[in-house]
Amino acid sequence: MEKKVLVIGAGPAGLSATRELVNMDVDVILVEREACLGGTPKKLNYSLLFPELRPASEVIDPLIKVAKESPRVKKYVNSIIDSVKESEDGFEVSIKDKEQKVSTERVSAIIAASGFEHFDSRRKYEYGYGLIPNIYQISDIERMLSENKLVTTRGVPPKRVAILLCVGSRDATVGNTYCSRVCCAVSIKQAMEIKERVPDAIVHIYYMDIRTYGLMEDKLYWRSQLEHRVGYIRGRISEFMRGPNDTVIIKGEDTMNLNRALVVPYDMVILANGMELGLGSAQVAKVLGLRLEEHGFIKPLDPDRLPVVSQRKGVFLAGALTGPKTMSDSITEGQAAAMKAYEYVTKGIWEYEEIKVTAH
Amino acid sequence: MEVDGTWNAFIIDRTQTGFDTSVWDKIASTVEGNTISLCWQCGTCTSGCTAREYDPNFSPRRFIDLARKGDKQSLQELESSLWRCFSCQKCTHRCPKGVLVEEVVHAIHNYALEEGLVRKDPGTKFDELFLKAVMDNGGRISELLLGSMAAKYGMVSLSLKDLINVSSALLKTGLIKTVMNPEKVRNWEKIRKVLENAMKEEIKL
Numbered sequence: 001m002e003k004k005v006l007v008i009g010a011g012p013a014g015l016s017a018t019r020e021l022v023n024m025d026v027d028v029i030l031v032e033r034e035a036c037l038g039g040t041p042k043k044l045n046y047s048l049l050f051p052e053l054r055p056a057s058e059v060i061d062p063l064i065k066v067a068k069e070s071p072r073v074k075k076y077v078n079s080i081i082d083s084v085k086e087s088e089d090g091f092e093v094s095i096k097d098k099e100q101k102v103s104t105e106r107v108s109a110i111i112a113a114s115g116f117e118h119f120d121s122r123r124k125y126e127y128g129y130g131l132i133p134n135i136y137q138i139s140d141i142e143r144m145l146s147e148n149k150l151v152t153t154r155g156v157p158p159k160r161v162a163i164l165l166c167v168g169s170r171d172a173t174v175g176n177t178y179c180s181r182v183c184c185a186v187s188i189k190q191a192m193e194i195k196e197r198v199p200d201a202i203v204h205i206y207y208m209d210i211r212t213y214g215l216m217e218d219k220l221y222w223r224s225q226l227e228h229r230v231g232y233i234r235g236r237i238s239e240f241m242r243g244p245n246d247t248v249i250i251k252g253e254d255t256m257n258l259n260r261a262l263v264v265p266y267d268m269v270i271l272a273n274g275m276e277l278g279l280g281s282a283q284v285a286k287v288l289g290l291r292l293e294e295h296g297f298i299k300p301l302d303p304d305r306l307p308v309v310s311q312r313k314g315v316f317l318a319g320a321l322t323g324p325k326t327m328s329d330s331i332t333e334g335q336a337a338a339m340k341a342y343e344y345v346t347k348g349i350w351e352y353e354e355i356k357v358t359a360h
Numbered sequence: 001m002e003v004d005g006t007w008n009a010f011i012i013d014r015t016q017t018g019f020d021t022s023v024w025d026k027i028a029s030t031v032e033g034n035t036i037s038l039c040w041q042c043g044t045c046t047s048g049c050t051a052r053e054y055d056p057n058f059s060p061r062r063f064i065d066l067a068r069k070g071d072k073q074s075l076q077e078l079e080s081s082l083w084r085c086f087s088c089q090k091c092t093h094r095c096p097k098g099v100l101v102e103e104v105v106h107a108i109h110n111y112a113l114e115e116g117l118v119r120k121d122p123g124t125k126f127d128e129l130f131l132k133a134v135m136d137n138g139g140r141i142s143e144l145l146l147g148s149m150a151a152k153y154g155m156v157s158l159s160l161k162d163l164i165n166v167s168s169a170l171l172k173t174g175l176i177k178t179v180m181n182p183e184k185v186r187n188w189e190k191i192r193k194v195l196e197n198a199m200k201e202e203i204k205l
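Protein chains in written order, with my numbering: chain H, 1 to 360; chain Z, 1 to 205.
Chain H with its partners taken away, still in its complex shape:
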């Protein structure tokens, strides 16, 4: 079959779409902005995945292997989509690499799976990220955990750790009014990992609501308290100060005990930064001419009926570029988008937004 599909982004969503298309004997052009395949989980070297606490590489490596070894996959790394033109039987795509070299490919359909970016906590200046030592983001801690280098700037493992949830999510001051869905689970998972490595550490999670939805409730929220003695303090920290010996002093309120103002020192503070569309996906949306929804993510044709179909004919969506998603959700969407793309390139099936009601 000479039909080709372009997959933008080689993260969990893009790679699972690639694998499904290869299994159905469709040729795939895979474009990735970074030098290696695997997306954000690989780039930031994620440690364990919630809720099963299995290594992220166990999930992502088999997908990378398929993309690397299959003769049906043509890979462009260090490359971005420069322009997309409609041709008679699909799209004519020009792909630009880091040296500005442009290659042109003709494809029948496009799957955009360019994902998200972690919120940059420097935008919440009162949290002092990047200014005060020993303040990290969950996206930094993943690498420290997987490389087994969980130490403070003084070179010793932290004895007192605070985790602050909802940094850059559910916050009108930075314009993100949505919940990023995964940060609660990731933070609790990290708290449990820290307690496993440093058993005498004290870990406090400062939260407003704990959203370990669905099957994660007992595996994370309950287990972290039953087995690991992770402390939960309801109240949002409003500022951090630099303390003696590279400690961080937080100012908070324990909203469950009404008159308790908190000024507490910690060895390490972790900010649970949320998800945003990011510049990469914004560029993809611009080139493909896709519209954004009110939270800044890409708008599917119908979020309920057609979540992986875009507003442009022949373009499909998968993964966190339509909203915050877990890795398993992204893999599911990659598979769904592959199915939709396969239907489209083989049978020409394209559903429109309007639901046509036929009389019996």
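Heads up, a few of these hints could be off.
If we take Cβ atoms under 7 Å as the criterion, some of the chain H residues that face chain Z in the derived model are [to be verified]:
#1 239
#2 252
#3 255
#4 261
The following residues of chain H were derived to be distant from chain Z, with all beta-carbon distances above 12 Å [claimed, not checked]:
#5 52
#6 56
#7 106
#8 283
Straight-line distance between alpha carbons at most 35 Å, and here's what the computed DSBU-like set of lysine-lysine pairs gives [stated by the list, open to error]:
#9 H:159 to Z:90
#10 H:251 to Z:90
#11 H:85 to H:43
#12 H:68 to H:101
#13 Z:69 to H:251
Treat the hints as calculated values from the structure; they're not laboratory data. Glycine residues also receive a C-beta, built at the ideal position from the N, C-alpha and C atoms.
Following the hints, put chain Z in place on chain H, whose structure we already have.
Just chain Z now, kept in the frame of chain H:
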């Protein structure tokens, strides 16, 4: 549900009856307090609050919670804290939901004053004295007048030593003239009428 009522024979009734649900509506309908409904009780405002450093009972989050529940009793108990806001605006600036916290706290305080839940606090009293001193003196502040008015209310805490220090500095610089004979605004009687009308309108708001 307990069917036979055995336990009720000696358990003290815990039903809350004192909550006035109109408090929320009333505060939300004021110009200052209309963002009260956005609050979700995260505690950002109280964590960084300047006034809380000096008064552990000062908690904007709690004031908002009590006002929304209509717990007048608890607001009354917070009489000596409710007015202590410094208006530093840290809370308003940081609130993740866009509640104008400083204004809402003042709206709650104003409500408590209007309803007679709290006595007039020293802050409001001083504001009134200041305004009265300005109006009586012809549009400009007179330190002597204000000082004597405040002293009547027991607000002056200057010692004799302080007074001597202050007046010697005033004598040296020659500023004593302005203190003894403060300036007045030209055409004061005309402006006074305008101001008084404006103040009446403000009270209506």
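**Message:** Flag every earlier hint the structure violates by its number, smallest first.
**Reply:** Hints that this structure does not satisfy do not exist here, as all of them hold.
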